[in-house]
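Heads up: the protein sequence lines correspond to chains A and B, in order. Using my numbering, you'd call the opening residue of the first sequence number -3 and step up by one each time. Using my numbering, you'd call the opening residue of the second sequence number 505 and step up by one each time.
Incorrect hints may appear among the rest.
[Claimed, not checked] In silico DSS-like pairs for lysine-lysine, Cα to Cα no more than 25 Å straight-line:
no., chain 1, residue 1, chain 2, residue 2
1, A, Lys208, B, Lys531
2, A, Lys180, B, Lys531
3, A, Lys208, A, Lys156
[What the hints assert, rightly or not] Estimated spans, in silico, between C-beta atoms of each pair:
no., chain 1, residue 1, chain 2, residue 2, range
4, A, Ala96, B, Asp645, 28 to 34 Å
5, A, Ala96, B, Gly665, 25 to 31 Å
6, A, Asp81, B, Pro511, 42 to 48 Å
7, B, Arg548, A, Arg186, 53 to 59 Å
8, A, Glu127, B, Ala563, 33 to 39 Å
9, B, Ala546, A, Asn166, 41 to 47 Å
10, A, Asn166, B, Ala530, 25 to 31 Å
11, A, Glu92, B, Glu577, 56 to 62 Å
What the hints contain is simulated information worked out from the structure, not anything from laboratory work. From a predicted model like this one, the values you see are computed outputs, not experimental measurements. We put the CB at the ideal spot given by N, CA and C, even for glycine.
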Amino acid sequence: MARRRAGISGLQQQARTNADFQRAGEALSHSQLEQLKTQLAVFKTNLEGFASKYRKDIKRDPTFRMHFQRMCTNIGVDPLACVGDFYYELGVQIAEICIATRERNGGLMDVKDLQRWVERLRGGKDADVQEISEDDIARSIKTLKPLGSGFAMVQIGARKMVQSVPRELNADFATVLGLAQQGKGYTTRRDVVALLAWDADRAQTVLDDLLKDGICWMDAQADPPQYWVAGFFVSS
Amino acid sequence: MSNYTFPSIHSFPPFYTLQPTLATRAKQLQLWGEILLQYCIATRTSAIHIATNSKDAAAVFSNDKIRRRLDRESIQAVIEELIKQGHADWDSPAKDQCLIFWRKPEEWAAIIHKWAFDSGATNSICTIYELLHGDDTVGLDFHDLDERTMVRALEALAKSGKAQVFVGATDSEMGVKFF
Chain A
-3 MARRRAGISG LQQQARTNAD FQRAGEALSH SQLEQLKTQL AVFKTNLEGF
47 ASKYRKDIKR DPTFRMHFQR MCTNIGVDPL ACVGDFYYEL GVQIAEICIA
97 TRERNGGLMD VKDLQRWVER LRGGKDADVQ EISEDDIARS IKTLKPLGSG
147 FAMVQIGARK MVQSVPRELN ADFATVLGLA QQGKGYTTRR DVVALLAWDA
197 DRAQTVLDDL LKDGICWMDA QADPPQYWVA GFFVSS
Chain B
505 MSNYTFPSIH SFPPFYTLQP TLATRAKQLQ LWGEILLQYC IATRTSAIHI
555 ATNSKDAAAV FSNDKIRRRL DRESIQAVIE ELIKQGHADW DSPAKDQCLI
605 FWRKPEEWAA IIHKWAFDSG ATNSICTIYE LLHGDDTVGL DFHDLDERTM
655 VRALEALAKS GKAQVFVGAT DSEMGVKFF
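Using the sequences and the hints given, assemble the complete structure.
Rendered as structure tokens:
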């Protein structure tokens, strides 16, 4: 059993010991930190090496890419340059497609439809074509955000849509689009009135606005006229 | 009979109603114009008869599966769009028949003139019949081309001073001299 030494010298001794311990501790943690830094640097280098070595796989395989991306985010490593380029390039292609189809869908496009267009744009049915996942599209749209482009993903009912026109989908718009989504991709004034318990004026105003914005197309050969959401009609 | 597949929008019911929103309508007419032109190129159709609802007009402008068809007024709007692009022209004052140009007459003109130049046919006179059906043009793009389209092409050449046209008793007998 240790016996405490009494008196001034004992106290001084204790203080010295504490200071020694502290110094030793500092030295240790400093060297640990250094070690950790070195390890992280090595890891980063390896990760970069990995990224460039498997660059093709990362670009080609959406699942692999997603896992890689998640891992990088988790450990706070910047997604490496080559993958960054990938999303930038994809973002530009998404913007091109959205702008090219804007007049036909009012700037509202089903993400699955967009996916098909992207794959076509990137080389059609070639064996070497890079697969693009919804996750990739969502990430690219995030990279477009700082451009002030107004690109965003919006959920309408069970569908994920990409919106490329900077506009707030107001509550009435969203409700009517949701109704069309539950049906066959269209709705009618009668349905809006009956199912949402709106008065006819309110229903007609929203439907007219959806036409004006190019989001809906009208089928006047149906009775009553049907309002089709162009972005819900997926091109094959 | 054709190897042309209609794009998916051909099955979109509102595609058969002229859209009230101007920007949407412009896009709609452009898409219809493309479909008509591509169909005509694929089936080698040179003229469309709207009035009689000819087989070709029916094939392009209606879709039995969704029971929709474009009305006459809308079809005329589609053709006006192609005319604006230089790919069509009315063939009757009543606007119920039109010619579809797979290539614009000026483009045919350039192709024909190049052939005439390369084959040494310049400065001699040949008939339209020889150009369209003669042995010298077998295998060329304009061999068996629609006669009315050929006349437009040669008129375009004459206008630019690269040919002189001699009127014959019929279009087939029309003569041309290339410079």
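*Which numbered hints are broken by the structure, listed smallest first?*
Checked against the structure, the hints that fail are numbers 5, 6, 7, 11, while the rest are satisfied.
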